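J.: Listed below are the residues making up each chain.
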Amino acid sequence: MTSAETLAIPSVETAKTVNAPRPFYWSIRRELWEHRSILFAPATVAAAIIVVAIARINYFTLLIENGYKGPNLAVLMFLVAAGLVIITASLTGIFYSLDALLSERRDRSVLFWKSLPVSDRTTVLSKAIIPMAVLPAVAFAVSVAMHILLLLIFSVALLILRQPLSGFWSQLPFFQIQVFVLYVIVTCTLWYAPIYGWLLLVSSISRRAALVWAVVPFVAAVGLERFASRTEYVGRWLQHRFAGGLQAAFHYATQQHGEVGLKDATPVLYLASPGLWMGLAAFAIFLFLCIRIRRFQGPI
Amino acid sequence: MTACIEAQGLRKTYGSTAALSGVDLHVEEGRILGLIGPNGAGKSTTLDAILGLIPYEGALQVLGLNPWTQREKLMQQVAFIADVAVLPRWLRVNQALDYMEGIHPRFDRAKAEAFLAKTSIPPKARVKALSKGMTAQLHLALVMAIDAKLLVLDEPTLGLDILYRRQFYDSLLNDYFDHRRTILVTTHQVEEVQHILTDVLFIQRGKITFSSGMEAFERRYAEVMVGPENLNAARALKPVSERQVFGRSVLLFDGLEPEKAAALGEVRTPSLADVFVAMMTPQGGIQ
Numbered sequence: 000m001t002s003a004e005t006l007a008i009p010s011v012e013t014a015k016t017v018n019a020p021r022p023f024y025w026s027i028r029r030e031l032w033e034h035r036s037i038l039f040a041p042a043t044v045a046a047a048i049i050v051v052a053i054a055r056i057n058y059f060t061l062l063i064e065n066g067y068k069g070p071n072l073a074v075l076m077f078l079v080a081a082g083l084v085i086i087t088a089s090l091t092g093i094f095y096s097l098d099a100l101l102s103e104r105r106d107r108s109v110l111f112w113k114s115l116p117v118s119d120r121t122t123v124l125s126k127a128i129i130p131m132a133v134l135p136a137v138a139f140a141v142s143v144a145m146h147i148l149l150l151l152i153f154s155v156a157l158l159i160l161r162q163p164l165s166g167f168w169s170q171l172p173f174f175q176i177q178v179f180v181l182y183v184i185v186t187c188t189l190w191y192a193p194i195y196g197w198l199l200l201v202s203s204i205s206r207r208a209a210l211v212w213a214v215v216p217f218v219a220a221v222g223l224e225r226f227a228s229r230t231e232y233v234g235r236w237l238q239h240r241f242a243g244g245l246q247a248a249f250h251y252a253t254q255q256h257g258e259v260g261l262k263d264a265t266p267v268l269y270l271a272s273p274g275l276w277m278g279l280a281a282f283a284i285f286l287f288l289c290i291r292i293r294r295f296q297g298p299i
Numbered sequence: 000m001t002a003c004i005e006a007q008g009l010r011k012t013y014g015s016t017a018a019l020s021g022v023d024l025h026v027e028e029g030r031i032l033g034l035i036g037p038n039g040a041g042k043s044t045t046l047d048a049i050l051g052l053i054p055y056e057g058a059l060q061v062l063g064l065n066p067w068t069q070r071e072k073l074m075q076q077v078a079f080i081a082d083v084a085v086l087p088r089w090l091r092v093n094q095a096l097d098y099m100e101g102i103h104p105r106f107d108r109a110k111a112e113a114f115l116a117k118t119s120i121p122p123k124a125r126v127k128a129l130s131k132g133m134t135a136q137l138h139l140a141l142v143m144a145i146d147a148k149l150l151v152l153d154e155p156t157l158g159l160d161i162l163y164r165r166q167f168y169d170s171l172l173n174d175y176f177d178h179r180r181t182i183l184v185t186t187h188q189v190e191e192v193q194h195i196l197t198d199v200l201f202i203q204r205g206k207i208t209f210s211s212g213m214e215a216f217e218r219r220y221a222e223v224m225v226g227p228e229n230l231n232a233a234r235a236l237k238p239v240s241e242r243q244v245f246g247r248s249v250l251l252f253d254g255l256e257p258e259k260a261a262a263l264g265e266v267r268t269p270s271l272a273d274v275f276v277a278m279m280t281p282q283g284g285i286q
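First to last, the sequence lines map onto chains A and B. Using numbering that gives the first Met the number 0, read the first sequence as starting at 0 and increasing by one per residue. Using numbering that gives the first Met the number 0, read the second sequence as starting at 0 and increasing by one per residue.
Calculated from the structure, these hints are not laboratory results. Check each hint, because a few of them may be wrong.
What the hints assert, rightly or not - Take a look, some chain B residues computed to stay more than 10 Å from chain A by CB distance:
1) E27
2) L50
3) V77
4) L86
5) A124
6) K131
7) M133
8) L172
9) F176
10) S211
11) G212
12) V249
13) E256
14) T268
15) M278
As the list claims (entries may be wrong) - Heads up, incomplete: computed chain A residues facing chain B, CB under 7 Å, no partners named:
16) P20
17) R21
18) W25
19) F111
20) L115
21) S118
22) Q170
The structure displayed is predicted, hence computed values, not measured ones. Where is the CB? At the ideal position from N, CA and C, for every residue including glycine.
Please model the complete structure; the sequences and the hints are all you need to start from.
T.: Here is the structure:
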């Protein structure tokens with residue numbers, strides 16, 4: 000080997016290792032390319048709400064005006080709008096999770112993905128992060144943007160109607176609403192983590208009709224228990240799983256006053272509730288199983 | 000030099016059926032190996048094991064790695080084309096390039112783009128809008144831009160027309176293969192790969208039944224068109240198989256001296272397909 004050759008070899012190596020691979024980041028991008036509804040569904044609902052707000056602007060400005068005397072309807076309107084966006088994002092997350100590890104086997108593309116240096120762990124985690132972080136972040140961002148637009152639209156409408164803006168702005172604690180929405184999104188997402196984990200697990204095992212496999216065991220358990228022992232433990236446990244998050248995140252005694260707001264938030268109680276941590280533990284176990292199972296799974 | 004693929008007693012059973020019953024493989028670097036066998040012989044199972052897609056029994060090392068436990072690491076140096084249907088239909092061409100560039104340390108985007116520029120594939124098209132041949136071209140472009148040590152092709156040209164098939168193997172040979180890489184290919188279109196192979200393996204009922212370099216293969220087998228007057232003499236030399244073409248007998252011989260063969264009749268070198276059919280037919284095809 001000549002000296003020129005020995006010099007040439009390492010220079011080629013360094014040229015090729017310039018771009019450090021970022022498989023996790025690109026796996027998430029990949030999910031967004033495939034499932035465009037992750038971005039579109041919450042944005043579409045927000046757009047529809049804005050269209051309705053503009054179309055029925057007289058009605059809403061009337062509500063705002065009435066709110067000066069009675070219950071604060073402006074805040075309620077903003078919260079309902081945010082709630083619709085959050086529910087849309089959650090439903091998107093449910094259907095996404097059910098499909099995430101099934102569609103790649105159904106269209107045989109799993110062979111392509113597995114032929115690349117991306118581990119099963121990276122793949123499963125990049126899919127789990129969609130309902131756990133990406134969709135909540137999208138829901139919050141869309142909700143904030145929608146609230147800003149609604150604020151502008153109502154302000155302009157009130158100006159045109161020659162109404163004072165001060166009343167509207169003073170009864171609408173804009174930043175508190177955003178913090179409240181964020182608190183609801185974070186507490187609900189963490190509380191519902193085991194549900195997304197379970198749906199991902201079902202999608203990694205089932206060959207078709209993932210929704211049926213995800214739901215039937217619980218319906219059967221409730222029915223069987225009621226039939227066999229006339230008790231309702233499973234049903235109550237499920238109810239706790241679905242509603243317990245908000246119960247732990249807010250102190251409901253103030254419910255009799257009509258409104259639940261940021262003042263009723265109980266983050267310490269929420270963080271101390273065993274249901275949260277058991278749920279997160281279950282979520283971790285489900286993901287671990289998904290990773291193990293994907294290793295064995297091929298096209299169906 | 001370490002072997003590219005080293006397998007000993009590779010076994011795989013699905014339920015009670017054995018897909019692989021003790022496969023031994025030794026593939027050196029820089030070879031183009033054809034794995035040829037009838038349907039259900041265990042070709043795909045062998046490839047799946049090599050690619051770390053299925054668990055197996057027995058010893059298997061690919062580029063010095065265990066494919067089942069080190070798939071991620073192995074796939075930095077191995078590229079794989081199963082058949083044209085595995086690229087996801089929603090993927091856009093430029094997204095595929097972005098993704099490969101983002102995750103693969105050995106992917107050279109400029110190379111893939113240069114190859115795609117020679118095709119009529121629109122850069123923003125989705126896979127579902129491409130024809131089968133274009134999808135294969137795209138997949139080949141992605142794979143050829145990977146600086147891989149081993150390329151595994153499982154029926155890569157299935158369902159493509161003759162033009163695309165020819166182009167596929169020409170690109171592979173001219174733009175990709177450089178005697179440091181190893182290519183492992185399975186296909187039913189034996190004739191089309193014969194001229195590119197350096198080695199050939201026949202697999203039957205989960206076992207390697209024949210293994211040879213192509214040069215040795217061409218020296219070893221002779222096909223002789225024998226006239227009726229020499230037929231008994233020819234049959235005495237124990238041909239591998241005998242078949243009738245236009246009323247004349249064509250006998251396939253294994254290891255017959257060229258002078259003896261020439262004395263019997265018209266001699267030609269049999270194709271891989273001829274020998275494959277002869278060996279796979281029960282009783283060597285002798286009536």
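J.: Now tell me if each hint is right for this structure.
T.: Quick rundown of the hints versus the structure:
No Cβ of chain A comes within 10 Å of the Cβ of E27 (chain B); the nearest lies about 22 Å off, and the non-interface call holds. Some Cβ of chain A comes within 10 Å of the Cβ of L50 (chain B); the nearest lies about 7 Å off, and the non-interface call is violated. Listed as a non-interface residue, V77 (chain B) fails to keep its Cβ farther than 10 Å from every Cβ of chain A; the least gap is roughly 8 Å. The claim that L86 (chain B) lies off the interface is violated: its Cβ sits roughly 6 Å from the closest Cβ of chain A, which falls inside the 10 Å cut-off.
Every Cβ of chain A is farther than 10 Å from the Cβ of A124 (chain B); the closest lies at roughly 14 Å, confirming the non-interface assignment. Its beta-carbon lying about 14 Å from the closest one in chain A, K131 (chain B) satisfies the requirement of being farther than 10 Å from that chain. Listed as outside the interface, M133 (chain B) is consistent with that label: its C-beta sits roughly 16 Å from the nearest C-beta of chain A, beyond the 10 Å cut-off. Non-interface call for L172 (chain B) relative to chain A: holds, since the shortest CB-CB distance, roughly 21 Å, exceeds 10 Å.
Residue placement check: F176 (chain B) keeps its beta carbon more than 10 Å from all beta carbons of chain A (closest about 19 Å). The Cβ of S211 (chain B) sits about 29 Å from the closest Cβ of chain A, beyond the 10 Å cut-off, so the non-interface label holds. The non-interface label for G212 (chain B) is consistent with chain A: the shortest C-beta to C-beta separation is roughly 28 Å, beyond 10 Å. At roughly 41 Å, the least C-beta separation between V249 (chain B) and chain A is larger than 10 Å, which holds for a residue marked as non-interface.
For E256 (chain B), the condition that its CB be more than 10 Å from all CB atoms of chain A holds, with the nearest at approximately 45 Å. At the 10 Å boundary, the C-beta of T268 (chain B) stays outside the reach of chain A, the nearest C-beta of that chain being 36 Å off. With 10 Å as the threshold on Cβ separation, the claim that M278 (chain B) sits away from chain A holds: the shortest Cβ distance comes to roughly 30 Å. The restraint placing P20 (chain A) at the interface with chain B holds, with a minimum CB-CB distance near 5 Å, inside the 7 Å limit.
Taking 7 Å as the C-beta contact cut-off toward chain B, the hint placing R21 (chain A) at the interface holds, the least distance being around 6 Å. Because the smallest distance between the Cβ of W25 (chain A) and any Cβ of chain B comes to about 4 Å, under 7 Å, the interface hint for this residue holds. This hint holds: F111 (chain A) has a C-beta 5 Å from the nearest C-beta of chain B, less than the 7 Å allowed. For L115 (chain A), the suggested interface contact is upheld, since its CB lies about 6 Å from the closest CB of chain B, less than 7 Å.
Contact between S118 (chain A) and chain B, as hinted, is supported at the beta carbon level, the nearest pair being about 4 Å apart and thus within 7 Å. Checking Q170 (chain A) against chain B by beta carbon gives a least distance of about 47 Å; that is not within 7 Å, so the hint is violated.
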